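Trainee: What follows is the residue order along each chain.
There are 2 protein chains.
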Amino acid sequence: MTFKYDNVYLSEVSTVAGPYESKGPFGRYYDKVYNDFYCGTKTWEQAECRMLIDSVDMALYKANKLKQDIDLHISGDLLNQIVSTNYASASIGIPLIGIYSACSTSVLGLIIGSNMVDKDQIRNCLVSTSSHNNGAEKQFRQPVEYGGPKRKTATFTATGAASFLLSSKKERIKVESATIGKVIDLGITDSMNMGAAMAPSAAYTIYQHLKDLKREANYYDLILTGDLGIYGKKILREYMKIEYNIELNNHDDTACMIYDLDNQPVYAGGSGPVCLPLVFNSYIYQKMLDGEISRVLLVATGALLSTSMVNQKLSIPSISHAISLEVTDDIL
Amino acid sequence: MTFKYDNVYLSEVSTVAGPYESKGPFGRYYDKVYNDFYCGTKTWEQAECRMLIDSVDMALYKANKLKQDIDLHISGDLLNQIVSTNYASASIGIPLIGIYSACSTSVLGLIIGSNMVDKDQIRNCLVSTSSHNNGAEKQFRQPVEYGGPKRKTATFTATGAASFLLSSKKERIKVESATIGKVIDLGITDSMNMGAAMAPSAAYTIYQHLKDLKREANYYDLILTGDLGIYGKKILREYMKIEYNIELNNHDDTACMIYDLDNQPVYAGGSGPVCLPLVFNSYIYQKMLDGEISRVLLVATGALLSTSMVNQKLSIPSISHAISLEVTDDIL
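Chains as they are written, first to last, in our numbering: chain Y, 1 to 332; chain L, 333 to 664.
Derived by calculation from the structure, the hints in this document are not laboratory data. Be careful, since some hints might not be right.
[Said to hold, decoys possible] With a Cα cut of at most 27 Å, we get these calculated DSSO-like pairs of lysine-lysine:
#1 Y:170 x L:336
#2 Y:214 x L:451
#3 L:336 x Y:169
#4 L:336 x Y:67
#5 Y:119 x L:546
#6 L:399 x Y:211
#7 Y:62 x Y:170
[As the list claims (entries may be wrong)] Quick partial rundown of chain L residues pointing at chain Y, CB under 7 Å, derived from the structure:
#8 404
#9 515
#10 638
Please read all numbers here as calculations on a predicted model, not as lab measurements. Backbone N, C-alpha and C fix where the C-beta goes; we use that ideal spot for every residue, glycine too.
Take the sequences, apply the hints, and build the full model.
Mentor: Right, dumping it as structure tokens:
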């Protein structure tokens, strides 16, 4: 399902990052950095709430807004019952739409918000997401203290939170169009190879987006998926070519960008719903404002597994959502 | 955040119910009933997927539509990573918005869908939710086989699935307005008393809805909350009066309606995201079509706890969302 927008702009973005992310290539671009996994709280779950609240505060501060100026908050995360979002929201106090779409949360939130802003149903909204490496490991795999080995296709859940402020007030970056994906399941059962599970859904959503808007892939300066990892990225490009006859030459994947893959112990790269927004909000956003790139398609990819379904030996369904951002002269 | 709609109608509804629900007062009104908890599958999680798929198929069948006629599916459930929704969606194959709002999922989905239908961003959408007693007990509390005793304030998670079809095509029941709630946390830590945790959020959302639309509570023939239970229902009415000076005389709660409270072992009543839609879609919907009641405010109430947050002795945040449905002559 593809939407075109006339009236939605990206007003502000914020980033809060954890210890590993701050030592990665974009370390100096994050708005706030924590050097430990507790962020001044007693548990990892509460640390994730803390970062989510920080990212909302930071976005509001940078946009010179108060909470009461914001009509709606759309947010989701990886924890069971999206508790980072829900517990943070009790102190944020903005009407909330809670979503779950694993690592495709950020773009799904941006689409729901853009639809409402575009038709003046709301003046503006914050879209947030977060993840926490140790919290995710404890919940989905094993406590990190066990020191269990991992395969090279595994990814490393990023720690941090990020928020976007959407508004109908004209700004440099316009939200131009978007595509909501379908759940795709091609039978991958290996939860240590989520890039392979997600790549076909990313391919489907990119194909559907280009088809609905009658565009070629090179319409975009950059197609940015997140987070497939080094193996998933390769699979996406091959699958895109074989299945849809589309060459992705202008493509990168945030899982392969967020860390120094040669020197940080992150296997096939980053993951977690915050991975793509940490890369976009810190680095790509600025490149767009600076006029270095003008058309970006963000494709957030989510593996929709749970431990109980993996234990039942079921395969891993995936979904990807895409949103097109464009530098515009509307503001002039 | 309150919305008014001009162009959204409730085209069809469906219900699939489990063994306890089918023996309740609305048993004969459900579209499909399973007499065991497995629904022909091997696990409770897969049984819940089965019921969700059934409810979508049933709604499409009753509306004389095919899957490819539907633009969007909005769905959520209680299981970790909303796997009932996500695994069902792999076979349903309609573009998906996955949401998490605990037992307020149905109305949140209806609001997101109504906003898009109202402005012709989509022609129609299915909104679904599901829950499963044994699946929820295993995940949130203890396996039912343990036979652990419960306090009288506990509720009994309903087993079933329900779908709504929203469309801009004129029908007897119009979606008239809606209010997205805020997360409220007044410090209740007892996960066996979720009615008490949720009542203040229901009160806030009802108050905000009436205030935004400059209405009195008696504007509605029925304000239907779900699912507070017998204690939460009482707390809501008292709290409404003390905090907002509003008398709720036209109020009922689906937790107190779905079972025969005198003869079924359900403690303070039903719960789970499917509780409210099972009651509405089977019984109240027909009463509206028959012209017996014409204005209904559905207020779905969600307790946003998780086991890890309860184990950390944190209190339980809650959220409620409201949607106004009205019998209309638009169709004539």
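Trainee: Hint by hint, note whether the structure agrees.
Mentor: Hint by hint, here is what the structure shows:
Of the supplied pair hints, the one linking residue 170 of chain Y and residue 336 of chain L holds, its CA atoms being roughly 25 Å apart against a limit of 27 Å. For the given pair, residue 214 of chain Y sits about 23 Å from residue 451 of chain L by alpha-carbon distance, which is consistent with the 27 Å threshold. At most 27 Å may separate the alpha-carbon atoms for a hinted pair to count; residue 336 of chain L and residue 169 of chain Y meet this at roughly 22 Å. Between residue 336 of chain L and residue 67 of chain Y, the direct Cα distance comes to roughly 23 Å. Compliance with the 27 Å bound is thereby established for this hinted pair.
Between residue 119 of chain Y and residue 546 of chain L the alpha-carbon distance is near 23 Å, which keeps this suggested pair within the 27 Å criterion. Restraint check: the Cα-Cα separation between residue 399 of chain L and residue 211 of chain Y comes to about 20 Å, which is no more than 27 Å; the hinted pair holds. About 16 Å separates the Cα atoms of residue 62 of chain Y and residue 170 of chain Y, which keeps this hinted pair within 27 Å; it holds. Here the hint on residue 404 of chain L is kept, as its CB sits about 5 Å from the closest CB of chain Y, short of 7 Å.
The restraint placing residue 515 of chain L at the interface with chain Y holds, with a minimum CB-CB distance near 4 Å, inside the 7 Å limit. At a threshold of 7 Å, the smallest CB-CB gap from residue 638 of chain L to chain Y is about 4 Å, leaving the interface hint in force.
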